[in-house]
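Enquirer: Chain residues, written in single-letter form:
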Amino acid sequence: MKAPHLTARVCFANYAALMVLLALTALAARAPLGAWKAPVSLGIAAAKMALVFIFFMQLRYQRGLVRVFALAGFFWLGIVLTLMFADYLTRGWLP
Amino acid sequence: MSNTLTHPAASPYSDREQHAVANHLGMWTFIATEILFFGGLFASYSLYRWAYPAAFVTGSKHLEFWIGTLNTGVLLTSSLFMALADLAVRAGRRGALRWSLLATWLLGALFLGLKFYEYHLAAKEGHVPGAHFRLEVPQAPQVELFMFLYFAMTGLHAAHMIIGLGAIAWLLWLNHRRRLGADHDAPVSMVALYWHFVDCVWIFLYPLLYLVR
Amino acid sequence: MSSPVLIPPAPVPGPRPPDYLAAGHTIGSWLLTLDHKRIGLLYLFAITFFFAIAAFAAALMRIELLTPAGDLVTSETYNRLFTLHGVTMVWFFLIPSIPATLGNFVIPLMIGARDVAFPRLNLASWYIFMLGGLFTLYAIVMGGVDTGWTFYTPYSSTYSNSHVMAMAAGVFIAGFSSIATGLNFIVTIHKLRAPGLTWGRLPLFLWSMYSTSIILVLATPVLAITLLLIVLERCFGVGIFDPKLGGDPLLFQHLFWFYSHPAVYIMILPGMGVVSEIIAAFARKPVFGYEVVAASSMAIGVLGFLVWGHHMFVSSQSVYAGVVFSLLSFLVAVPSAIKVFSWTATLHRGHISLETPMLYALGFIGLFTVGGVTGVMLATLAIDVHVTDTYFVVAHFHYIMVGGAVMAFMGGIHYWWPKICGRMYPEWPARIAALTIFLGFNLTFFPQFVLGYMGMPRRYHVYPPEFQALNVLSTAGASILGIGYLMPLVYLTWSFFRGRRAGPNPWGATGLEWRTDSPAPEHNFAETPIVTTGPYHYPVQP
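For the record, the sequence lines run as chains A, B and C.
Letter by letter, the first sequence follows residues 93 to 187 in my numbering.
Letter by letter, the second sequence follows residues 13 to 225 in my numbering.
Letter by letter, the third sequence follows residues 49 to 590 in my numbering.
One should not assume that every hint holds.
Residues of chain C placed beyond 10 Å of chain A at every Cβ, according to the derived structure [to be verified]:
{"id": "1", "residue": "A70"}
{"id": "2", "residue": "I75"}
{"id": "3", "residue": "V138"}
{"id": "4", "residue": "G244"}
{"id": "5", "residue": "H585"}
Computed footprint of chain B on chain C; a stretch qualifies when at least three of its residues, placed anywhere within it, have a C-beta under 8 Å from a C-beta of chain B [what the hints assert, rightly or not]:
{"id": "6", "stretch": "80-93"}
{"id": "7", "stretch": "153-166"}
{"id": "8", "stretch": "257-270"}
{"id": "9", "stretch": "274-282"}
{"id": "10", "stretch": "546-555"}
By construction, these hints were calculated from the structure, which means they are not laboratory data.
For each residue, glycine too, the CB sits at the ideal point set by N, CA and C.
Work the whole structure out from these sequences, hints included.
Expert: Right, here's the structure in full:
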């Protein structure tokens, strides 16, 4: 009994979704979104990356330990950003 | 006979499943290191974008939006073919493996070609930071800072792409020598993970560099 | 549930399967080896070489500091000496010391495996290390670097006229060796444990190495990108640390210390793991509070990432961020202290014997405590403002790095020596060397606490005359320390070839590594061992 695994169908569906998101993000750059531009474009990028991770990189079909390893890097990057900005936001460095 | 590179001893694994999981854990650990490696650049970028938003808009507008967008599509397509290559090797289909690896490689090479063309355009227009920078815009020093980050981030990404192309070429050679198949698919799976990750880095670089408005 | 476990009887004389040392005598069998034990020895030779270079630089520094005037070397040269000492000691001795030598040698044995998860990656990591060393040696031979091991911008990125790029390249390359080692150990500990060896039965050395490996893989890449950015800034003439472009030199310090603070835990955690093993073996008792000690190892690994700003209290970092970093630094001291209490409780009513490994472990506990407590002092913002960049800081980190990490390294080398070469080191010369090191170390570095508190700045080769007496004491101590380090070099080399032959378990210790021959067989175990008890299942039946 074969465990759930990636199929060609899922690959193509994933690809289609990624291309739609690409078109969306290119359009959003020219849309009048004001302060929402950055969150929208980064949100779309995060969604694309999630799709690649889950389907192309097959995290959907892996055990929990592998998923923890996959996410660990982001968590640690979060530490860099958080504590670094804790300095810059409270320092009055902005020229 | 000693346990050496030329005469390796039996593997420390007791079964293939254990070896496969070990390979995945190892590769994802490596990807975690890459997240932190690029992460240092992303952290620096975040700081300076927060500090100089107008200069980053100016800098972004001076990049080649259409080449960047096209390149993003090229890389996403290459990932599709890489995923198909992974499926092919596990099904033992050497022919399918060959053309999907070839397609991945060509798309990757196309990406790099477009990228170097972009760099060439940037050099001609004086966008390269340093002695030859000559953009006459408001906040020019901070725009030069943006350009430094642009070259550093895309340059590091390009270096990873070049390594990836080398790895895919190695896979094509292995396949040619009939050393890949359903029971020896690890090289393809591992290179695929690497390739998809490098694609993910670009997925973030694209909006951060080209879409700042 | 600790039932006694039978140790296999002493080896029967007669032809045996080759041990790892006998399995091949050619250069190729060493330079192309995939055997984790031989790779451990390759690293041992390499780091001993780098230690000698770094120690020589320190010797010149201490001789210069005998007199208040700058009469042995110029200030320029002195800058290059302390940079050489720092870079070589940190990246080419301390970081690889226990992990790449003892870790490589012992970990597969301790978990009952034939090798690490990725033997070819292991061999590659040694070559990468040597390549990094080559770049660094080149930089040294061409005149060295004068920025300090910390490479602070804008001096390193813009103004220094020394060989920053070559040295940064050397460290950058060596970093990949660290990452490869850490990656290998993480996967090895997850996937290659013998049947029955659950996480709750892992010897504490493995918990420490696991935590160390997490730091190795997650911190080192940030150092790599930071050094790369310095190199780029030197190449382009501009960069992200350059105030002319609106950059902040302090960004370098954030990125640098994000790695370099966890790096100090890379240097000490393995030592703590070694000490746990030695204390249990030579008090013949299970380590008190096993679960808490294991949890502390993990806590140190994680919390260690949250405190880097305590290196930047006076750098113009925000005072509010400083307060946060100070509080977090107090927090990270707690798991370390827990370990010290645990070791002490293990010793209490133990059946203690004072062989050389135990002497080093006991020395570690005392000296690490001094280093740790002075670390808490330095974490206190108000104190740090006065003693930062003085010899107080220098003394603090040498108590941890030398009094702690190096003593643990020496203890581990002696403890596992029979497994490494199948022979015992000579006990009395070893004890004398250990005591010499302990005395020499304290004489070298305790005066430096006083000097720093009195205001003598670090990285200066001249000082006011009233500091001379303490400096002379420190240099005298350094000479004794040097003799103490030379002694093991001599008797360990001698014992490798001529020492008294050792059986599988000369210490009567627990642990899978002691259930196989000495020296270890080429493939570690004739049959995969099966674990049925927790670690430290004393008493052990003969």
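Enquirer: Evaluate each hint against the coordinates.
Expert: To see whether the hints hold, each was checked on the structure:
Every C-beta of chain A lies more than 10 Å from that of C:A70, the closest at about 39 Å, which supports listing it as non-interface. Taking the minimum C-beta to C-beta distance to chain A, about 38 Å, the non-interface status of C:I75 holds against the 10 Å cut. Remark: the non-interface label on C:V138 is consistent with the geometry, its nearest Cβ contact in chain A lying 21 Å away (cut-off 10 Å). Every CB of chain A is more than 10 Å from the CB of C:G244 (nearest about 20 Å), matching its label as outside the interface.
Interface exclusion of C:H585 from chain A stands, the closest Cβ pair being 28 Å apart, more than 10 Å. A stretch counts as covered by a chain when three or more of its residues have a beta carbon under 8 Å from one of that chain; for the stretch 80-93 of chain C and chain B the count is 4, and the coverage holds. Check on the stretch 153-166 of chain C: 7 of its residues sit with their Cβ under 8 Å from a Cβ of chain B, so the three-residue criterion for coverage holds. Closer than 8 Å: that is the beta-carbon criterion, and the stretch 257-270 of chain C has 6 residues meeting it against chain B, so the requirement of 3 holds.
Coverage of the stretch 274-282 of chain C by chain B holds. Counting CB-CB distances below 8 Å, 4 residues qualify, and the rule asks for three or more. With 0 residues having a beta carbon nearer than 8 Å to a beta carbon of chain B, the stretch 546-555 of chain C misses the requirement of three or more and the stated coverage is violated.
This entry does not satisfy hint 10, going by the numbered hints stated previously; all others are met.
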